[in-house]
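Q: Taken in sequence, the protein lines are chains H and Y. Take the first sequence: its position 3, counted from the start at 1, is 638 in our numbering, and no numbers get skipped. Take the second sequence: its position 137, counted from the start at 1, is 187 in our numbering, and no numbers get skipped.
Think of the hints as simulated: they come from the structure by calculation, not from any bench. All residues carry an ideal CB built from backbone N, CA and C; glycine is no exception. It is possible that part of the hints are untrue.
[As the list claims (entries may be wrong)] EDC-like mimics (lysine to aspartate or glutamate), calculated; alpha carbons at most 20 Å apart, straight line:
{"id": "1", "chain 1": "H", "residue 1": "K831", "chain 2": "Y", "residue 2": "D417"}
{"id": "2", "chain 1": "H", "residue 1": "K831", "chain 2": "H", "residue 2": "D874"}
{"id": "3", "chain 1": "H", "residue 1": "K789", "chain 2": "H", "residue 2": "D775"}
{"id": "4", "chain 1": "H", "residue 1": "K831", "chain 2": "Y", "residue 2": "E195"}
{"id": "5", "chain 1": "H", "residue 1": "K860", "chain 2": "H", "residue 2": "D845"}
{"id": "6", "chain 1": "H", "residue 1": "K827", "chain 2": "Y", "residue 2": "E198"}
[Unchecked claim] Among chain H residues calculated to face chain Y with C-beta under 7 Å, some are:
{"id": "7", "residue": "M754"}
{"id": "8", "residue": "S782"}
{"id": "9", "residue": "E783"}
{"id": "10", "residue": "L784"}
{"id": "11", "residue": "S785"}
{"id": "12", "residue": "M788"}
{"id": "13", "residue": "K827"}
{"id": "14", "residue": "Q830"}
{"id": "15", "residue": "A832"}
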Amino acid sequence: MADSTGEKQPIIRIRGLVNGFGSNIIHDHIDLDVRRGEVLGVVGGSGTGKSVLLRSIIGLIQPLDGTIEVFGNRTGDVEGRAMRKLEMRWGVLFQEGALFSAQTVAENIQVPLREYTSMSQALMNEIAAMKLTMVGLPADTANKFPSELSGGMKKRAGLARALALDPELLFLDEPTAGLDPISANQFDELIKRLQKALGLTVFLVTHDIDTLRAVTDRIAVLVNKKLVIGTIAELRKNDDPWIKDYFSGVRGRAALASMDPASMDKV
Amino acid sequence: MTSIEAVADEPDAWFKLDRGVLAVGGAWTIAESARLDRELNALNADGAQEKFKEIDASKITRLDSAGAWLLLRTRRAMGGQGALNVPAQYGPLLENLDQEQKAEPHRSRIPPGFRGRLYRIGRATMHAWGQTVSMLEYLGRVTIESGEAIASPRHNLRIAAIVHQVEETGINALPIVGLLSFLIGVVLAYQAVDQLKQFGAQNLTVNGLGIIVLREMGVLMTSIIVAGRSGSAFTAQLGTMRVNEEIDAMQTMGLNTVDTLVLPRIIGLVIALPLLTLYADIMGIVGGAIMCYFDLNMTIPVFMRQLQGAVSVNTLMVGLIKAPVFAFVIALVGCYEGFQVERNAASVGLLTTRSVVESVFLVIVLDAAFSIMFSVLGI
């Protein structure tokens with residue numbers, strides 16, 4: 636939460652993580668801390684395992700080696716009830732929103748509420764409507780089916796569902812991929828606004844340099860199966876060829892040129 | 051079931067009405083919101099909300115969006131902009147949520163009660179009718195395109211694709227069709243022997259077996275297996291192509307989807323299914339023969355002689371003539387449903403199921419129609 640600034644214990648603590656498929660190692664003993672209340676961006680080229688990192692933290696992939704602690708619990712060890720308890724404290728937005736296609740948007744948002752709380756239907760309807768307003772969707776979206784929504788709206792609805800249980804930690808998997816620049820900008824604004832209002836800790840996988848500039852506090856770059864972590868300013872001084880290319884390429888320069896002093900302060 | 055209420059370990063949230071001020075405190079979070087909602091509603095029912103003009107939330111220790119919503123809702127129920135003070139760090143949260151919103155009640159599109167039932171029946175009827183019409187349209191289109199393809203086979207007939215389909219739907223189905231037909235032969239012979247023994251007519255087992263397998267069982271079993279195996283595969287393949295926009299891409303390139311996707315499947319299956327049926331007939335007879343050998347001590351030559359007396363080439367042909375028709379129906383339904391797939395994940399599964407059910411249904415209905423026709427013709 637935003638109020639507990641004194642607390643510096645990391646929310647996610649990764650030590651010596653190894654991920655891979657068969658003989659193909661993707662992450663080679665990486666360490667990472669995500670601090671309470673920060674927005675951490677994870678970038679890397681295609682196939683460097685950004686989504687794999689996210690999936691191994693939320694327990695969808697079993698790592699080959701190393702430990703992952705979320706809220707002080709080792710995700711590899713906890714099962715059943717304890718894992719449910721952990722899962723209630725985080726929300727995940729998958730790339731395409733991953734809305735349940737057979738249910739309306741309101742029903743999608745109410746799935747975790749119905750599963751984990753004893754709320755009345757009236758209150759669940761109010762909460763669903765509130766979450767929709769929160770993510771900037773019109774009220775009539777509630778009764779629509781996911782197939783009736785555009786890509787950007789699906790992501791917003793997915794975000795509303797991820798926020799249904801008021802999690803402390805939010806995982807976003809390429810939230811702006813496939814959106815036009817204007818929608819992407821609006822989505823960045825939304826993430827920033829919600830992060831402030833709800834005091835969220837955000838783990839953000841992206842390759843959108845505008846998103847990185849707009850919302851992240853620190854950035855973790857996946858290069859050569861390792862993580863390089865720092866602020867944008869620090870990473871720009873890094874010598875690694877991929878990082879150099881990424882931040883000093885045409886797109887990178889254009890995005891960073893628009894960095895104003897106000898957002899530099901945040902970095 | 052784990053509930054978020056059971057795992058919460060925060061101090062209880064509370065509220066208290068005191069001299070026109072509603073004092074609230076504790077952790078107003080989602081874990082407490084179901085209880086708070088009930089209690090606030092009870093307060094409202096008492097008409098107590100008329101009596102206070104201010105909410106003092108300064109003793110709140112934790113607030114999330116669910117709790118904030120309850121506070122805002124309570125303030126709204128007070129009828130206007132009463133004072134609401136919260137600890138400073140939750141200011142942004144309240145500001146964020148306190149936007150004009152109409153909590154549109156969740157409404158089902160189907161009216162309740164008897165009218166709802168009528169609505170459902172009507173909707174299902176219209177759907178079935180629309181389905182029939184569009185299937186007939188599709189049949190017409192495929193017929194016209196097939197005519198064109200056969201008129202100029204060099205351009206429109208894709209031999210490689212057809213051969214591939216024959217392999218996929220025919221040769222690869224040999225093991226399962228063979229095994230199941232063999233077992234059906236065994237089971238039929240076993241049951242027939244049991245009954246006919248009572249009349250001392252156990253030798254007639256062979257007659258019954260031969261006629262049932264050749265006329266009905268062989269082709270029916272094969273068609274049902276192929277509908278489950280290949281009809282569903284057609285729907286899933288074409289459906290996945292639709293989801294991936296591959297079919298749209300083909301159309302923009304000017305490729306005729308009927309020529310490239312549908313005809314090879316239909317022609318391939320029309321070639322493969324009769325051959326499979328013949329194979330199933332043989333396996334069924336073999337199964338029956340083996341059963342007779344063990345159950346009746348009837349040697350294979352005796353079995354063959356008895357069979358020869360019971361069935362003719364006509365018996366076999368009556369079964370085989372149905373196979374291409376069934377194949378056409380299975381392939382047509384499979385492809386048609388594949389093209390009906392919409393761009394969502396549930397659609398492929400739904401239509402694959404529907405394709406199998408429809409093709410099995412049509413195969414059995416057509417089989418009955420054939421039976422009536424043959425009996426009228428005296429075959």
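Q: Hints first: check each against the structure and report whether it holds.
A: Outcome of the hint check:
no.	hint	result
1	H:K831 <-> Y:D417	violated, 68 Å
2	H:K831 <-> H:D874	violated, 33 Å
3	H:K789 <-> H:D775	holds, 14 Å
4	H:K831 <-> Y:E195	violated, 61 Å
5	H:K860 <-> H:D845	violated, 24 Å
6	H:K827 <-> Y:E198	violated, 61 Å
7	M754	holds, 4 Å
8	S782	holds, 5 Å
9	E783	violated, 10 Å
10	L784	violated, 11 Å
11	S785	violated, 12 Å
12	M788	violated, 14 Å
13	K827	violated, 11 Å
14	Q830	violated, 10 Å
15	A832	holds, 4 Å
Comparing the model with each numbered hint stated earlier shows that hints 1, 2, 4, 5, 6, 9, 10, 11, 12, 13, 14 do not hold.
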